[in-house]
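Could you build all of it, start to finish, from the sequences and the hints given here?
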Amino acid sequence: MSEPVRIVEVGPRDGLQNEKTPISVADRIAFIERLIGAGLPIVEVGAFVSPKAVPQMVGSAEVLRGVSHLPGEFHVLVPNEKGYEASQAAGAKVIAVFASASEGFSRANINCSIAESIERFKPVLARAKADGIKVRGYISCVLGCPFDGEVKPQAVVDVARTLWDLGCYEISLGDTIGVGTPVKARHLMRAVAGEVPAQNLAMHFHDTYGQALANLYAGMEEGVRVIDSAAGGLGGCPYAPGATGNVATEDVVYMLEGMGIKIGVDMDKLLAATNEVSRLLGRPPVSRVANALNAKKKL
Numbered sequence: 085m086s087e088p089v090r091i092v093e094v095g096p097r098d099g100l101q102n103e104k105t106p107i108s109v110a111d112r113i114a115f116i117e118r119l120i121g122a123g124l125p126i127v128e129v130g131a132f133v134s135p136k137a138v139p140q141m142v143g144s145a146e147v148l149r150g151v152s153h154l155p156g157e158f159h160v161l162v163p164n165e166k167g168y169e170a171s172q173a174a175g176a177k178v179i180a181v182f183a184s185a186s187e188g189f190s191r192a193n194i195n196c197s198i199a200e201s202i203e204r205f206k207p208v209l210a211r212a213k214a215d216g217i218k219v220r221g222y223i224s225c226v227l228g229c230p231f232d233g234e235v236k237p238q239a240v241v242d243v244a245r246t247l248w249d250l251g252c253y254e255i256s257l258g259d260t261i262g263v264g265t266p267v268k269a270r271h272l273m274r275a276v277a278g279e280v281p282a283q284n285l286a287m288h289f290h291d292t293y294g295q296a297l298a299n300l301y302a303g304m305e306e307g308v309r310v311i312d313s314a315a316g317g318l319g320g321c322p323y324a325p326g327a328t329g330n331v332a333t334e335d336v337v338y339m340l341e342g343m344g345i346k347i348g349v350d351m352d353k354l355l356a357a358t359n360e361v362s363r364l365l366g367r368p369p370v371s372r373v374a375n376a377l378n379a380k381k382k383l
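Adding 84 to a residue's 1-based position in the sequence shown gives its number in the working numbering.
Bear in mind the hints are in silico, worked out from the structure with no lab data behind them. Check the hints yourself; a few may be wrong.
Lysine to any residue pairs mimicking SDA-like chemistry, simulated, CA-CA at most 25 Å apart [stated by the list, open to error]:
#  : residue 1 : residue 2
1  : K236      : A199
2  : K218      : V241
3  : K381      : D352
4  : K236      : K177
5  : K104      : K382
6  : K213      : Y253
7  : K382      : I345
8  : K177      : I347
9  : K353      : A192
10 : K268      : E279
11 : K353      : A110
12 : K206      : G216
This is how it looks when you write it as structure tokens:
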């Protein structure tokens with residue numbers, strides 16, 4: 085458990101794309117600058133998707149170009165070849181593709197089956213490989229679906245194996261609606277690690293039922309060492325009523341530091357980044373650690 089942990093900060097993409105209040109390109113760039121300055125060198129910064137479907141991600145090319153001078157690894161989401169071409173025109177070096185472990189969610193989210201979604205991004209992976217671009221794979225609804233209910237671990241294993249075989253360097257397992265519990269999370273990580281090495285897996289857990297940190301701990305016990313999180317607990321899921329955002333980066337950092345795992349994040353700078361983006365959104369952070377620290381500062 086003392087082995088290093090890598091955090092992938094997803095607030096500027098997965099977090100903001102589900103927030104009702106759109107944030108300008110300039111403010112998104114400033115947010116990313118603050119996150120990098122706080123010691124989070126891997127940041128998902130945008131998505132090359134339909135502006136009608138996800139208006140919050142309009143201007144992702146400008147955001148990527150705007151942070152390209154910073155030291156860090158910047159990820160962008162790419163759904164198809166058109167998105168891939170746009171990402172390359174903007175200088176993306178790491179892209180992410182996505183599939184669901186649930187047929188119901190796949191059809192609601194991107195209007196196609198799981199198999200059809202994989203066929204859509206096969207050409208993207210082939211081109212990325214030829215171009216020397218790293219590809220990360222996301223799988224949503226790994227611990228439950230708002231349409232299909234329980235999701236069998238084997239369904240997740242099958243999609244993960246496909247993404248791995250197609251060339252994704254890392255597979256991020258997403259509890260999109262935050263219904264997982266530690267035993268289920270542990271069983272899932274163990275099942276997927278039977279097909280994809282644990283060191284190539286990431287955990288992307290939402291905190292709807294307050295289980296995200298416990299689930300992360302269970303996954304860490306299975307050898308998974310990459311955690312996706314969002315500053316301030318940004319995000320949600322439009323297809324899951326009541327679903328809250330990603331596990332908050334502050335909460336993850338506090339837990340890891342308390343376990344003696346040093347990850348080089350300056351909590352004060354991270355808190356400042358969270359407070360600023362929360363001000364722009366017009367609401368307090370969801371993060372319990374951020375709220376506790378803010379209350380402490382007011383004393």
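Open item on the list: Output the indices of the hints that this structure fails to meet, ascending.
Closed with: The structure conflicts with hints 4, 5, 7 and 9, although it agrees with all the remaining ones.
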